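Asker: No gaps in the numbering here: position 253 of the first sequence is 253 in the numbering used here, and each next residue is one more.
Mixed in with the good hints, there may be bad ones.
Simulated restraints, written as ranges between beta carbons of each label pair [claimed, not checked]:
hint : residue 1 : residue 2 : range
1    : Gly-238   : Ala-166   : 27 to 35 Å
2    : Ala-170   : Arg-55    : 32 to 40 Å
3    : Ala-181   : Arg-20    : 12 to 20 Å
4    : Arg-92    : Asn-25    : 28 to 36 Å
5    : Asp-226   : Ala-254   : 21 to 29 Å
6    : Gln-117   : Val-53    : 22 to 30 Å
Treat the hints as calculated values from the structure; they're not laboratory data. None of these values were measured; they are calculated from a predicted model. Just so it is clear, CB atoms sit at the ideal spot from N, CA and C, and this is done for glycine as well.
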Amino acid sequence: MHTSPPVTRVDDPLVRDVLRWYAANARDLPWRRAEASPWAVLVSEIMLQQTPVARVLPAYERWLRRWPAPADLAAEEPGEAVRAWDRLGYPRRALRLHAAARAMVAEHGGRVPDSYQALLALPGVGDYTAAAVASFAFRRRHVVLDTNVRRVLSRSLAGEARPAPAPTAAERRRAETLLPADGATAARWAVAAMEFGALVCTARTPGCDRCPVRRRCAWRAAGFPDDGGRRRTQRYDGTDRQARGRLLRVLREAPASVPGDALAAAWDDAGQRARALDGLVADGLVEPLAGDRYRLPR
DNA sequence: TATGCGTGGTC
DNA sequence: TGACCAAGCAT
1 MHTSPPVTRV DDPLVRDVLR WYAANARDLP WRRAEASPWA VLVSEIMLQQ
51 TPVARVLPAY ERWLRRWPAP ADLAAEEPGE AVRAWDRLGY PRRALRLHAA
101 ARAMVAEHGG RVPDSYQALL ALPGVGDYTA AAVASFAFRR RHVVLDTNVR
151 RVLSRSLAGE ARPAPAPTAA ERRRAETLLP ADGATAARWA VAAMEFGALV
201 CTARTPGCDR CPVRRRCAWR AAGFPDDGGR RRTQRYDGTD RQARGRLLRV
251 LREAPASVPG DALAAAWDDA GQRARALDGL VADGLVEPLA GDRYRLPR
C-alpha cells in the first residue's frame with residue numbers, strides 16, 4: 001500500500017481511543033483491504049445497507065468475481081443483477097446498483113466517481129453511501145453518519161441510549177467537530193467508529209465492561225438512561241412485503257419466464273398476490289409478458 | 001417526516 | 001417466542 005502511516009495529530013480523546021481500539025480489533029473484511037477497488041467499495045456499501053456482514057460476504061465475493069468493473073455489470077440485463085442478489089433482501093438495491101453501473105459507463109467513463117456530489121447522483125446512493133465511498137475509496141474528508149456512528153456519538157457524547165430516528169443538525173455539527181483534518185485519518189476514524197459500534201457499542205447488549213472510552217462515556221456517567229423509545233418494528237408475516245419476497249424468489253430461481261400459476265403456488269391470497277405483483281412490476285423488478293407469464297426484467 | 005421495502009439470526 | 005436488529009434509500 002502506498003499510503004504513509006498516520007502522522008496527523010488527533011486531538012479529540014474519543015477519536016484517539018477509538019482509533020487505537022480499531023488498530024487492535026479491526027476485522028479483516030475484503031472491502032477494507034488496500035486492493036479493494038472503488039467499485040468493490042461501492043458494491044460492499046450497497047450490499048451492507050440493512051444487511052449483516054456475515055450474509056454479505058459470500059454474495060460480495062461472487063458479485064465481484066462475475067462483474068469486476070462497472071462496465072461488466074452494465075452489459076448485463078438488470079434481471080441478472082436481481083438474480084445474483086439472491087436473498088440479501090431489498091432487491092431494489094440490485095436494480096439500482098445495475099442502473100448505477102450503467103450511469104457510470106454513460107457519464108463517468110466506466111469509473112466510480114470520486115466526489116460526494118457525483119456519487120449522490122447515482123441511483124441507490126444516498127448521503128451515507130456517498131460519504132462512505134468518497135471517504136473509504138478516495139480518502140475524501142466527509143462526515144460519515146451511519147447507524148453505528150450515530151449510536152456511538154449519542155451515547156458517549158449526548159448521554160442518550162440511541163439516536164433520533166433520523167440524523168439531526170446537532171448530530172452533524174457534533175460529528176463535524178470530531179472529524180480529523182486530513183481525509184485519510186477522517187476515513188480511518190469513520191470506519192473505526194463504525195466497527196466500534198458494530199462490535200462494542202452495540203444496540204442490544206453493549207460491551208461496556210470492555211469499552212476503551214467508558215471513563216468518558218456520558219451515557220455511562222448518567223447511569224445508562226434508556227427512554228425505551230424504540231422504532232416500531234413492523235410485522236412481516238402475512239404482509240405484502242413477504243408476498244413480494246415469495247414471488248420474486250420464484251422468478252429468481254426460474255431460468256426464464258414463469259406462468260402465473262407458478263406465482264399462485266407461492267402465495268395463496270389472490271388479492272394480495274395481485275397487489276404484490278403490481279408493486280414488483282411498478283418497481284421494475286418483474287416484467288409481465290403476454291399470456292400470463294412473468295420474468296425478471298430484461 | 002413517515003412509510004414501504006427482504007431476509008434471517010439472536011436472545 | 002416474538003420482538004428486535006443488521007454499514008439506508010426513495011418517495
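Asker: Are the hints correct? Go through all of them and say.
Answerer: Now the hints, each set against the structure:
1. Gly-238 with Ala-166: 27 to 35 Å: holds, 28 Å
2. Ala-170 with Arg-55: 32 to 40 Å: At roughly 33 Å between Cβ atoms, Arg-55 and Ala-170 fall inside 32 to 40 Å, so the hint holds.
3. Ala-181 with Arg-20: 12 to 20 Å: Given range 12 to 20 Å: holds, Cβ gap about 18 Å.
4. Arg-92 with Asn-25: 28 to 36 Å: At 34 Å between Cβs, range holds.
5. Asp-226 with Ala-254: 21 to 29 Å: At 47 Å between Cβs, range violated.
6. Gln-117 with Val-53: 22 to 30 Å: For Val-53 against Gln-117, whose Cβ atoms are near 28 Å apart, the range 22 to 30 Å holds.
The structure is inconsistent with hint 5 alone, although it conforms to all the rest.
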